[in-house]
Amino acid sequence: MPMYYEWTSRKKSVLKKHEYPSFDVASHPLKVNVINVVKDSTSKILMENLNKWSSAFEEVDPLLRFEQMKQEEENSQTELQVDDVTNYKKSWNTRRSLILNKYTTGEKLSIVSSFLPGGEKLSSFSALFRQVSNLNEKVKHRLEQLDDFDKGSVRKTMGLSQQEFVTKINMLNDEIKKAWDSEQRVKAFKIGIQCSKLLSDVNVMQFYPSKFVLITDILDTFGVLVFDRLKGKSYKQNEVKDIKDIDPKSIPESAKETCQNWLFKMASIRELLPRLYMEMSLLKCYVFISKDEIKPAIARLTTMIRGIGNPLVALYLRLYLCRVASKLLGKESEEFFYSNLKEFLEEYQQIFHPMMKRKFETQLLTLDKYLNLYVPAVDWLLHGTLNSNKCKDTLLDELLQKCEDMENNELLLYCVVNAFDSTSITKKSSKILELVQKSAEKMVLVSDILTSLGEHLCSADNHRQLASEALIQTWWKLATIIKSTNHFLQVLEPWLQFACTHLSTQHVNIILRGTIRYMIKCGKPADEFSGNFHFVIKRMLKFIPDVEELFLMDAFMPLVELVQTSNARTMMAKTVLSIFFSRYTSVQIEDHIIISSLMRLCCILHDSINAVTVEDESKVCAELINKFVQAVTYEDDLEQQLNFYVECRSAFIKLDAVLIALVHAVNALATRAGARQGRWLQRACAAYCFVTVPSLHCALARAHLYLLSGQVALLNNCIGQAEANFKALVGLIPDIPEFLLEDGQKKPTNIKVGGILSDFLSTMLVMPDNVDSNCKAYILSGFIKMIERIHWKKTDPLYYNTLLHILDVLSAMTQENYAYHIDSVLSNDKLYGSEDEFLEAVDKHATNICQELLVVLKMLGDTKETKKQYNLALAMFWRVVTRGDLSRSAMLSLAANLWMLSQKLQDPNNNKMAKTMLAALASDNSPASQTLLKKLTENSTKQS
Amino acid sequence: MSTNLSINLKRASKVYHEGENIVGVVVVESSGDVRHEGLALLMEGSVNLQLSTKNVGIFEAFSNSIKPITLISTSIELAPPGKIPVGVTEIPFEMPLRARQAISPGYPGLLETYHGVFVNIMYTLKCSMKRSFLNKPLNAGCQFFVQYKQQDPAPLKPVRCEITPATIRAASSAGARAAIPQFQVYAEIDSTVCPLDKPLTGKIRVDECSVPIKSIELQLVRVETCGCAEGYSRDATEIQNIQVGAGDVCRARDVPLYMVLPRLFTCPTTTTHNFKIEFELNIAVIFEDDYLVTENFPILLLRSR
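Taken in order, these protein sequences are the chains called A and B. Per numbering that gives the first Met the number 0, the first sequence starts with residue 0, numbered consecutively. Per numbering that gives the first Met the number 0, the second sequence starts with residue 0, numbered consecutively.
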């Protein structure tokens, strides 16, 4: 096979003007659609979208189906909530975990039990039971045993940590089940009694609520065991019965008798507290005897709790009663919530009994911590009461009146404010503040009350009040006398939101100034409170109606920068920026004050980045700073804008992503500049880019930016700058690595490089040559040389595709009129006017490229990459046919040979591409193509 | 070859009233055929009295233990001598519960089942299977309970009382204690005539108390009197003690008194020729220094609605 073909490009006569269908449109089809998604329910929007796209299909889209299922589930859940019993169960469960999380202790606990390790006594104990066989004796024995637990076996385990205590309690829980399963029901009963006795111990008070939760769980277990056994005795196994379905009339006598026995046993417990707890745990067993007895029993228990002297123990007992009642009666239990609440209020002053005071003080508790122990229980009572009471306002009035009349009203006031709904509380807010003000001096839960009130005011958003100014003033007076800074900040959080949404900027500013004054006056560095402080700022940013206004307040930035440690400052800056940008509605920032404030924050953010910063972290920072860079605008003052970018470059030099954004921004600026501003600005922009790009780390990004900057420079007719950029790009190509690390994965760069290169090549068509140099198609020939120098694998598609594209450009360059131009730039067609010397040089390059391609073709054949070889052969064939001058014999034979090669590799009839090519060739009626066609058909017939 | 004998009553509660039939089955369970010389069922009820050592000397207490009073004793033959096949055999029976006809002086009739310290009233069914000689007879027993028929409710008899240092002094003129704390307690019992099936209720209120209270308790006491020609004893013992107030209860608030009367250990207040069973209630207020103040109420227990 002769291996040398001289390439001659065909001059195309005037291009055919195609008539394309066109119509007028109102907006550009490629314009970016800005959609403001109102975040209400993502799943709903998703559903709508999915619906829209899948409506055409008959089958339901699988994604849609999942979403539908999820929504149905949610719906069914909401339906279930109508059932009060489950409703109460749910709300208790949330409270339960809250209690367990909140009330913890590092103190040592003690547990009194005869059922925990210390095994030898235990076994003798149960053996004692087995010896007694006479029924009568047994009954007697049991009854006597119920109270005193065989004194010797009761042991007190002291010095338990909280975790150990919990483990012990869980052991008891297991023990109950074990005892029950091994027919030792009385033992289970005794464990229950012992557990409830533990609740009379208030020695480590701050753990009491959690202890209550743990122990009542055991009691619940016991209650369920008894209930299930009675149910098993009464009904067949699978005849699952809800409590509601159990009819006392249908209960067999034996089950009733067993139930009675349990109740008698319970009633003979000597001590009051365990008796009450056990009766509550067995309360639901009353259904087996008579349903009418439940309510009187609850009412009786309600009054019996009065006998408990310790207010904490009593209140939690009420909590358990109401919980059991709610489980049993649902909606109907609410009257008992109310009656228990009333009972509690009657005994309210017991909480402040000197004896209790002595107790909590010896445990080193402060009054507010002590009062906080009561909160979950009061809250639960109020929760149920509120559910029942239709007229909340009167109830609120009544309770507030009570608060007013009593001493030490803070606990009740706090719980009331916490439990009621926002609308009712908002109506009474001034009254509540007044109450607080009256006794603010000695009140301890002030901050909690104020916080809660503030939250209510915030959530009742559409409630516009005239008195909000007065409210804030009263509040501020109260807030400034709060001693603990943490509490102050905690209170500030909701009230600041309220101020932001209801008052003018000036007012908010005054509050901010006051805050700064308070923070300075408190004498401790603000860093100690950075967490709370953070929340305050976050809240304010989230809820101020217009975020921009924040920066216009003179107290805001000082407040933000009140924290001094770099960590806290970075956090703060990040929060402020991210919330600002998420809430900032317009695309551009014009205000100088805002710009400088944001610049300051961005600098803080940027300065926090160092060698050990993780990648994600700097990514987030870069994203925020990018948003800033992109949003800042100086309108028509382009010089100022460029200055800004220069400033940014020096400020954010550590972040590549920001630099990239800056280059893009400057390029955009350059194109915006136009001739009006004079060419110096465009040059300055080009220079900026050219200087900035080399400092990037990633070669690929650099290449891309060089190309872009070159194109922009070219667009602005800054040929020199464009040339410099392109030269730099060409020089950079060998440096582009084959793989890039992206998100922890190695990704090949060849597709991107291919894109950049073809983009570059198509730019080359309009790029005019430097007239000073002798070389024709200066940069392109440089590129070709570079390609030769790089040791790319020849069989790499990137390599031969690039060669094909070079071939395309070279053929396009020989045309008299180029396919496209840049208006102000004189391209080579005008520059040389199809001068022979130029054409020759170009064709020479083309011949070399063609030669190289043939080498590649051969190599592909050698490495048995038939498919690639076939495709390349066809592609080359097509280029020869469309771009080559077929009247030259070299070209003609090249085309024929390529076609033969491709035919050898694969039957052209099987390949659509080959067929289309042939058809296109046939439709072309120039004599050269006809000759070629003839030759091709001849060859194929010869072969067959 | 093993044979098991047991009595199962039809009524789960095992509580019967006079005039009712006791219905049940005797279950013979054996791994082989059982030959026997007759199967008999005996119903027995008796009052056991014991003199306490406190009132009469130890010697007398032992030697003079009073003869049990038989309340009922009937027997029936369940099966004539013969053979009972292998497996589980149930032999149903029915016995009327009726007081003895021949009235001896002092015979109290059928009394309620009662378990006390010095007086016990018990009813049992005993089944015995006589077997060929060399083999011991097989026995099985089963207790059942007798209750009076319910009477119409008696009129309530509420009592009220105030407990103050003054009332205490009046009671115990000894005045052993130097400083009695200042207190005023008001107590009320809804009725001293109590139906056995209903809880005993009332209320107590601490109006004033200068020292903290440790506990308020309700004590049920039985007073058993055994008397006959040879000796006489009267003893009060505690049946149960129920706490109604734990810790220093809130002042001037009614704390309910509530006590379920235990079964078996209580019965209607009974007076017979030979013995008496009476009940009392004590309200005890215990101060923190374990100083105890009690108030006693005799109560009348009835089997009524």
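Source of the hints: derived by calculation from the structure; they are not laboratory data. Since the structure is predicted, the reported quantities are computational estimates derived from the model, not experimental observations. A virtual CB, placed ideally from N, CA and C, is assigned to each residue, including glycine. Some clues are possibly wrong.
What follows is a list of derived Cβ distance ranges for each label pair [to be verified]:
id	chain 1	residue 1	chain 2	residue 2	range
1	B	Ile167	A	Lys441	27 to 33 Å
2	A	Ser581	B	Arg250	57 to 63 Å
3	A	Gly105	B	Arg302	42 to 48 Å
4	A	Glu403	B	Ala153	27 to 33 Å
5	A	Thr365	B	Ser12	52 to 58 Å
6	A	Thr365	B	Glu287	23 to 29 Å
A quick look at each hint next to the structure:
1. B/Ile167 and A/Lys441 have their C-beta atoms about 41 Å apart, which leaves the hinted 27 to 33 Å range violated.
2. Taking the beta carbon of each, A/Ser581 and B/Arg250 are about 59 Å apart, inside 57 to 63 Å as hinted.
3. Taking the beta carbon of each, A/Gly105 and B/Arg302 are about 58 Å apart, not inside 42 to 48 Å as hinted.
4. A hinted range of 27 to 33 Å is violated for the C-beta pair A/Glu403 and B/Ala153, which are about 50 Å apart.
5. The given range of 52 to 58 Å is respected by A/Thr365 and B/Ser12, whose C-beta atoms sit roughly 57 Å from each other.
6. Range check, A/Thr365 to B/Glu287: Cβ separation about 27 Å, and the 23 to 29 Å hint holds.
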